[in-house]
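Trainee: Given next are the chains, with one letter for each unit.
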Amino acid sequence: MPTAAVLTVSDSCFRGERTDLSGPATAELLRQHGFQVAPQEIVPDDQAKIEAALVRLSEQVQLVVTAGGTGIAERDVTPDATRAVCSRLVEGIPEKIRAAGLAQTPFAVLSRGVCGVRGRSLILNLPGSPKGAVQSLQAVIDILPHAVDLLAGKTGHE
Amino acid sequence: MPTAAVLTVSDSCFRGERTDLSGPATAELLRQHGFQVAPQEIVPDDQAKIEAALVRLSEQVQLVVTAGGTGIAERDVTPDATRAVCSRLVEGIPEKIRAAGLAQTPFAVLSRGVCGVRGRSLILNLPGSPKGAVQSLQAVIDILPHAVDLLAGKTGHE
Amino acid sequence: MPTAAVLTVSDSCFRGERTDLSGPATAELLRQHGFQVAPQEIVPDDQAKIEAALVRLSEQVQLVVTAGGTGIAERDVTPDATRAVCSRLVEGIPEKIRAAGLAQTPFAVLSRGVCGVRGRSLILNLPGSPKGAVQSLQAVIDILPHAVDLLAGKTGHE
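Chains as they are written, first to last, in the working numbering: chain A, 1 to 158; chain B, 1 to 158; chain C, 1 to 158.
Fair warning: there could be bad hints in the mix.
[What the hints assert, rightly or not] The calculated DSSO-like cross-link candidates involving lysine-lysine, where the alpha carbons are at most 30 Å apart (straight line), are: (1) K131/A - K49/B; (2) K154/C - K154/A; (3) K154/C - K131/B; (4) K131/A - K49/A; (5) K154/C - K49/A; (6) K49/C - K49/B; (7) K49/A - K154/B.
[Said to hold, decoys possible] To be clear about the criterion: a stretch of chain C counts as covered by chain B if any three or more of its residues have a C-beta under 8 Å from a C-beta of chain B, and this derived list gives those stretches: (8) 90–104; (9) 132–143.
[As the list claims (entries may be wrong)] Here are some chain B residues the structure puts well away from chain A; computed CB gaps all over 12 Å: (10) A25; (11) G34; (12) E41.
No lab work stands behind these hints, which were simulated from the structure alone. Since the structure is predicted, the reported quantities are computational estimates derived from the model, not experimental observations. Yeah, the Cβ is synthetic: ideal placement off N, Cα and C, and Gly gets one too.
Based on the provided sequences and hints, a complete structural model is requested.
Mentor: Given below as structure tokens:
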């Protein structure tokens, strides 16, 4: 059973001013697709804190999914944190997410979310709204179990 | 009213050997979508000169649109200049422009244009041909007013 | 007549444990589209060896096509080698390849292949399976003769 963690990135959720709906909805979708999901975590929109959480979680689970902080506003730094801790990016995954998102809203192009590899784990950025997070994850969830298998060394390479 | 500037990047237009049609056509489309557009400027295909113009214009307006220099020939350096002065890129915008361009010509894939953020301004690269510049801008113009609002701090964030 | 070389990247083909089918199939498709193709070469999945081959081949031909090593497994380093030796990337080409690949398999998003410019040559990464390599090349082959013309200075620029 592949393992996953969901990290909500949001100042207002971190301060308790808003209830995090995106994290639980994302975790539920992962469970429905066979992932064992670690307890929910929330960090503020702070690049150093996001990086620290990604580093720690990527040592514990095979798939780290973030929700929030993918836009173009100044406090949106989740993609920057993710790039900083990954050794390589998988560009096709955010491309697919944005292409699927365009069927819902033209603003999908403003999501800067990335997907990258750190060690043997995959890190995937989703937007912060519950609907955006779930729809984005649905666009790529079918390939995630195979992707984490590849990173675990079960290559069936070529 | 959001503010914009159009920078034509072209050796031949800069030397006066060719009339710049792309810049005025781009500016007109921006005006039709509610932007206040600064007087037209032209620079040669010189990376340092493009960078200097982008730095100056991004301090004056919310949206800087370039036309020209996005191809793969040696003198095409507008995307390189843009990357050099931006703190972050918005990959979804050129993806959308290229996907829309493919409906017109298979050569759309050769456009290396990027879109990035410098300070509180957005910089967007368009191809140099009048038709290519206008069609590329049309593919994303609906989201540009919202994008510059976000950069101005009107986030309505989450 | 434009010139091309095909470089197969595969540990098992290099050691002779598997017959390279992707390289010959790729070379044949290039010939059908008017390229003069250099004799086949094979390197292992070793970033330094791939880089050395790309540097040498890009001085000899206008188009260097690689097959293999584009996935996310640890030994997949062809895109990393390609980035390291290119001065600029042409993002629209892998975007088009992945979009075309999605019509065949959802796993197309896991290809990290890139396309870049080194000197006056174009380097293009294809996946390692014979079917994947051929279908990926077919998605962009119509624009490659024009692309290498542009790099040769036959710009017909703007």
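Trainee: The structure should be examined with respect to each hint, and the outcome stated for every one.
Mentor: To see whether the hints hold, each was checked on the structure:
no.: 1; hint: K131/A - K49/B; in the structure: violated (44 Å)
no.: 2; hint: K154/C - K154/A; in the structure: violated (47 Å)
no.: 3; hint: K154/C - K131/B; in the structure: holds (22 Å)
no.: 4; hint: K131/A - K49/A; in the structure: holds (25 Å)
no.: 5; hint: K154/C - K49/A; in the structure: violated (51 Å)
no.: 6; hint: K49/C - K49/B; in the structure: violated (38 Å)
no.: 7; hint: K49/A - K154/B; in the structure: holds (24 Å)
no.: 8; hint: 90–104; in the structure: holds (count 7)
no.: 9; hint: 132–143; in the structure: holds (count 3)
no.: 10; hint: A25; in the structure: holds (22 Å)
no.: 11; hint: G34; in the structure: holds (16 Å)
no.: 12; hint: E41; in the structure: holds (25 Å)
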